[in-house]
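Here are the chains, one letter per residue:
2 protein chains.
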Amino acid sequence: MKSVDAILTNACIITMNDDFDLLAPGALAVREGYIEAVGAVDEIMSAYESADVMDCSGCAVIPGMINGHTHAPMTLLRGVADDLRLDVWLMGYMMPVEQEFVRPDFCWLGTQLACAEMIRSGVTCFADMYYYEEAVADAAAQAGMRAVCAETLLKFSTPDALSYDESLEHTHDFIQRWKGHPLIMPALGPHAAYTTTDDLLQQCAQLALEFDVPLHIHIAETEQEVDEHRAAYGMPVVPWVKKQGVFEAKTTAAHCVHLDEGEMRTLRNHGVGVVHNPSSNLKLASGFAPVAQMLDIGINVGIGTDGPASNNDLDMWEEMRLAALLAKGVSGDPTTLPARQALAMATIGGARALHIDSHVGSLEVGKRADISVVDLRSVHLTPKFTRDPEAIYAQLVYAAKGSDVRDVMCQGQWLMRERALLTLDEQALMEEAAGVASKIDAFLIQREESVLRKLLAIGEVAQTKMFEVQVKVLLPDDASVEKMLSGPGIEIVKPSVRRQYDTYFLFEDVYHSRLRYREDEVLEETGEVEDVFYRLTLSTETKEREYERSVLLSRSRFDAPATRSLRFYREYFNPESSVRVQKKRERYRVRYGGTDFAINVDRLTQPALPGVFLEIKSRTWSRQDAERKAELIGEMLALFGIQEQELLKQEYVELAMEAERLESGS
Amino acid sequence: MKSVDAILTNACIITMNDDFDLLAPGALAVREGYIEAVGAVDEIMSAYESADVMDCSGCAVIPGMINGHTHAPMTLLRGVADDLRLDVWLMGYMMPVEQEFVRPDFCWLGTQLACAEMIRSGVTCFADMYYYEEAVADAAAQAGMRAVCAETLLKFSTPDALSYDESLEHTHDFIQRWKGHPLIMPALGPHAAYTTTDDLLQQCAQLALEFDVPLHIHIAETEQEVDEHRAAYGMPVVPWVKKQGVFEAKTTAAHCVHLDEGEMRTLRNHGVGVVHNPSSNLKLASGFAPVAQMLDIGINVGIGTDGPASNNDLDMWEEMRLAALLAKGVSGDPTTLPARQALAMATIGGARALHIDSHVGSLEVGKRADISVVDLRSVHLTPKFTRDPEAIYAQLVYAAKGSDVRDVMCQGQWLMRERALLTLDEQALMEEAAGVASKIDAFLIQREESVLRKLLAIGEVAQTKMFEVQVKVLLPDDASVEKMLSGPGIEIVKPSVRRQYDTYFLFEDVYHSRLRYREDEVLEETGEVEDVFYRLTLSTETKEREYERSVLLSRSRFDAPATRSLRFYREYFNPESSVRVQKKRERYRVRYGGTDFAINVDRLTQPALPGVFLEIKSRTWSRQDAERKAELIGEMLALFGIQEQELLKQEYVELAMEAERLESGS
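Which chain is which? The protein sequence lines are A and B, in order. If you read the first sequence in my numbering, its first letter stands for residue 1, the second for the next number, and so on. If you read the second sequence in my numbering, its first letter stands for residue 1, the second for the next number, and so on.
By construction, these hints were calculated from the structure, which means they are not laboratory data. Glycine is no exception: its CB is placed at the ideal position from the N, C-alpha and C atoms. Check the hints yourself; a few may be wrong.
Where chain B lies over chain A, by a calculated footprint (3+ residues, C-beta under 8 Å) [claimed, not checked]:
1. 82–89
2. 111–117
3. 329–343
4. 381–387
5. 428–437
Take the sequences, apply the hints, and build the full model.
Spelled out as C-alpha cells, the structure:
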C-alpha cells in the first residue's frame, strides 16, 4: 500500500481526458500536489492508503473549473453602476472610480474576495487582467488558487503607471519575480488593439517570448471596435494584432465576438486560445460570439466570467450553462454545444485556451490535483437517470449550480471542505470590502452633488478659472453691423464663419448649473464645412454679476473637448431639462485700445429670432483686468451709438427658454 | 398594540408596488394570511406585536416569485434526454415516456418535488399545465404553494383522456371541485393552436368564461408552428386563436417567441398576459422572444421556467437574470430591460400576466402574504453600494441566486425557514423520485435494446406479423418483361408507376435489423408526381429462409407511416450505418392460379445497375399458405423460362452495400 496525501472515493469521476472517461463509481489518489492515480474504487483502495479519505458518495468529482478571463479586483466595483450604456458605464463610472481607488491594497482585497467567491463555486484557476497584478498574484497565491496574472498595458496612463514604458518596465520586473511560482503564472496583458499601439504590442510580444510567459488580450469585443479598426487600419483586428507578432507568443484572446472566418482560422493556425464571456457580452450588449463556429474550426475556446462589474458575479456554472444555451439559440439548432462540450470548455478547453493544459484541466495521472467535488443529492438535481452514463454532463451543465460544489482542492491543498473556506477569512474580507464600498459611495455622492465634479471626473477638462467680460445687443440689420466694425480705432482680424449647434443641460442644483454641448461647424468661404469642434462648457449662474457700465462679467466657465456623444453626456449628467440654441456666427478677432476682443455677429435659427445679435467679449484672468476691459467695451458701445437700455442682459439660452415657455403657453 | 401572526423587520423591503417603494430598513406585519402593514421599522414595531418576529437584517424581503409557466410533474423527466432536436426529444422520448408513466401518482410526486425546488428558490406561486391537474393541485396545496392549475387539452388522446370530449368533461368537474380554494386556481390548458381544433378552443373559452377561471395556452413557440399555421389557415396564430373566442377569457399565452407587432397589439388590447421562458427557448432553439417590444407595447409579461425537462430546473433567479441579459443582447442596447423591470416581471408582472395581481405579486397592505426573504450577506453579493437605493435591483437580478433565499412564506404560512422546508419531506420525495427514474430507465433500456421496440415506441406501427413470399430475377431488357406479363394464365390489373427513394438504416443488433425509410412517388401517366407516401419498414434478417424452389420467404416486416423526417429517424434510431437505394418501379397487381401476386419491374438508379429487375411477391398469413404460393411462383418462373440459377437471392439493399464496398475498395 502506497501512502498518499488524500483519496477521494465512491465518486462519479468525470475525467475530461481525451476519451472523456467516466468512472462511476471511481476513486482518485493525490500525492504531493499531483494526481497519483485515478481508477475503480477497489483498484485505488487496495493500492493506496491515506489519513485523508473523503467519501464522495452521491457526488461528481470534476477538474477544478478554469475562469478563463476576469478582472478579479473588480469585485469591489460590483454593482457600482448597472444597466447603462457601455461608454457611460466605462468612462462615466468605472474609469473615474478606478483612477481614484485602484491601488495595490484595493487589488489585493478585491482578488481575495474574488477567490472566496470562485472557490465557493468550484473554480481553482483564473486568468486575470488588471492593474497591480503583483497584488493580484499575491492574493491568489495566499488563497491557494492558481492564476495567470496578466498585467494590463495601455497606451494611456493607468492607475499603476503614467506611461506604457513604465508599465513595460514594472511588468518585466513582475515577471522576473514570479516566473516559476508553483501557482502563479505572470503574464502580459496589452489591453486591446484600440487601447495600445503597434510598438506597445510588439514590445509585449517580445517580452512574452523572452520569458516564455502567456499574453492575454481583448479582441473584437464590440462591433464599434471592429468598425473603427477597419477604418483606421484597413483590416480587421486579428490580422493587425498578428502583424505585431503577438500570436508568436502563447496568446489568449478574450471575447472575440465579432470575427470573420478568416480571422478564426488565423487564431486556430497560431494556436491562439479564445475565452468566451457570455454574460458580459449580453449585459454590455456586445453581441453573440460565434462560439460554435470557433469550436468547429478547431480553436481552443474556454469560458470566462469577465470582471464582476459587468456580470455581476464570478459564477462559472452560470457561464457554462449560458454558453451552452446561447449557442443553441444563435444556431437555431438544439444539438449545438451539447453539455459535455460545455463542461469541457469550462475545464480542459479553458486550460488549452490558456496554454496550461499540460498540467491542469483534466483528472489524469501526473497532472496537478485541481479538483472540485459537486454534491448531486439535492432536489434540483433529482432524479438521476443512469441508462446513459453521459447524462451526467447534462445534469451538471443544465441543472447543477455553484452552490452544489462541496469541496475544492488546488494543487493538493484543500481550499474548501463541506462548504467552509479553509484559506480565506470570508467575514473579514466582506467587512473590509464594505469599507471600500462606502468610500466609493462617498466619492460618487460628492461627485454627483455638482455637475462640475462629474465633468471633472471624466477628465480632459481645462480647470482654468477664467473670467469673461461681455455685452450683447440686438441690431435691426446687417448694415448697422458693418458700420460699427468699420468704425475708428477698431482693427479687424479676418473673421471666421460658423454654424453653432448648442444643447444646454439645465440643472436644479444649488449653482443652477448650465452645461453647454457645442457642435461648432467652421465654414469655408464657399459655405462648405471646413472643420467641426465639439466642446463642453459649464457655467454657473451664481457667479455672474454686472458692472457699472452694464457690462456683464461672468465668472468663467469650465471647458473641455466633448469627445463623446451628446447622448453619452445626456445619460451621464442626467439633467433636469435641456434647451437647444442654433445660430450662424461671424466671429471677428478685434483689437481696440491695445486689447484683444472677440466680436460675434449672430443670427439665431433656434429659437428663430429676427435681427442680428452683436456680442463683444474678452477673457481675463483678474478682476482688475476685467474692469479695465469693461471700460473699453463701454467706449466701443458709445462709439457704436448704443445706449445702455439697448443692452441685452440675457444669454441666448435664456432667450431660448423664454421662447419655449411662450410656445408651450400658447 | 395590535397582535399579528408574524412580523418581518430590519429588512430592505422591496414592495414592487406601483411606485416601486423601497423601505430600507423596513418592516412588514402579517395577519391571517394577508399583509396587514408595511412601513418603517419604528412605525410597525410600535403598532404591532407578534410571537413570531423575524429579524431580517442584511436581507431583502421581496414578493414571492411567480413562475408563470411550467409543467411541474416533469421534474421526474429532468435529464431523461438532452441536447436533441425538438422533435426527437419530444416525440422520441418525452411523449412515449409520458404515455407509459404519467398517472395521478406520478403527477403528485413530480409536483411535490417541483414545489420543494421552487420553495427553495423563493417561488410561492406557479402556473402549471399538464395532465391529471387535480393531482398537481392537491400536491401544491399540500406543499402550501399557490398554483394556477391548467388541465391540458389536446385533440389527440392524452395520458388522462382518450378524446378531448373526455378531457373537457373531467376538466369541468376539476374546476367545479377546486374553484374557490384559497391556494389553487383551476384553469383550462388547451395546449396550443396546432394541437387543438377550433371547436376545442371554443369550448375551452366558453368553459373559462362560465366558471371565470383562467385559460393557459402555448402560442407561437417555434417558427415552424407559425409557418405551418399560416400555410393552413392563411393567418398567424394570434388572430386565429382570437377568432375562437379564447381572448375573451382571462388568458395567458406562454412563449410568444414569433409574433408580429399586430399580434402583440391584439394581445395587449385583449389583456392577454404573456409568459417568457428564456432558458427553454434557448435550449430547444426556439428563438429569441421579442420581450422588450412586448413590454413597450404594454403587454403584461411574466417569466417562467417551462418544464424542468427543457430547462433543466425550476430556478426563477436564473430565468430572471437571463431575461434581463438576453433582452440586451438581442436589442444591442445595454439599457434594455433593466434590473428593476426584470424583478417586476418575476413578481408583479407575472401576477398581471396570470390575472392574479389583485391579490399577489407585490408587498402591499391587503394582498396575500406571499413573501421571500433573501439573505444578501455572502461573498458573491459583496460589497453593497448604497448611494443609489435602486442598486438593490441590480444586486438581486445580476448577482443573487436561488440559494440566497433564506425564508419563504405563502399566504401567511412559513414554507421554509433558515433553508429548512417545513411542509415537505424532501428526503422521502427524492427517494421516491429515484424509484420512478429507475423504472423509466428500465423502460428506455428495454426499448433501446431492439429497433423494433423503438419503432413501436413512437406509435402508429402496424404490428401485423405478415410473411412474404418473394423471388427476384435480373432480365437483360424490357422485351423479355413484356413477353412474360403477356403469358398465359396471367391476368394483369392496371399497373402503377413509382419512383422510390429508400434509405436503409443498418443495425448491428442481434437481429441485424434493417429499417427502411421509403419515399414513394406515385407517377401519373404524364410522368408528373401524383402522390407521395412515406413509410417505415423494419425487417430482421434472422427470420429469412429459403424454400425448395429457391423462393425466399421473409418473415414479414413491421410497417408504419413515416410521419416525421428522415433526419428525425436518423437521430432517433441512431443506426450504425445507412445505405440508399433509388429505383423506378412499375408495379402490377397480377392474378395467377386464383391467387393475387404483385409483380415489380424495377430499374435501379442508385446503385446504378444495368438491366431490369423483376420481382414476384405475395403476402401471406400462414406457413401453409406461404408454401402454396411458393409453388405457384415456381410455376410462373417455369412459364417465363427462368432457371433456378438465374434467381437473385440478394435484396436491393444488399446489392447497394456491395456496390458501396466495391466503390470504396477501388
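Subject >> Hint check, failures only >> reply: none
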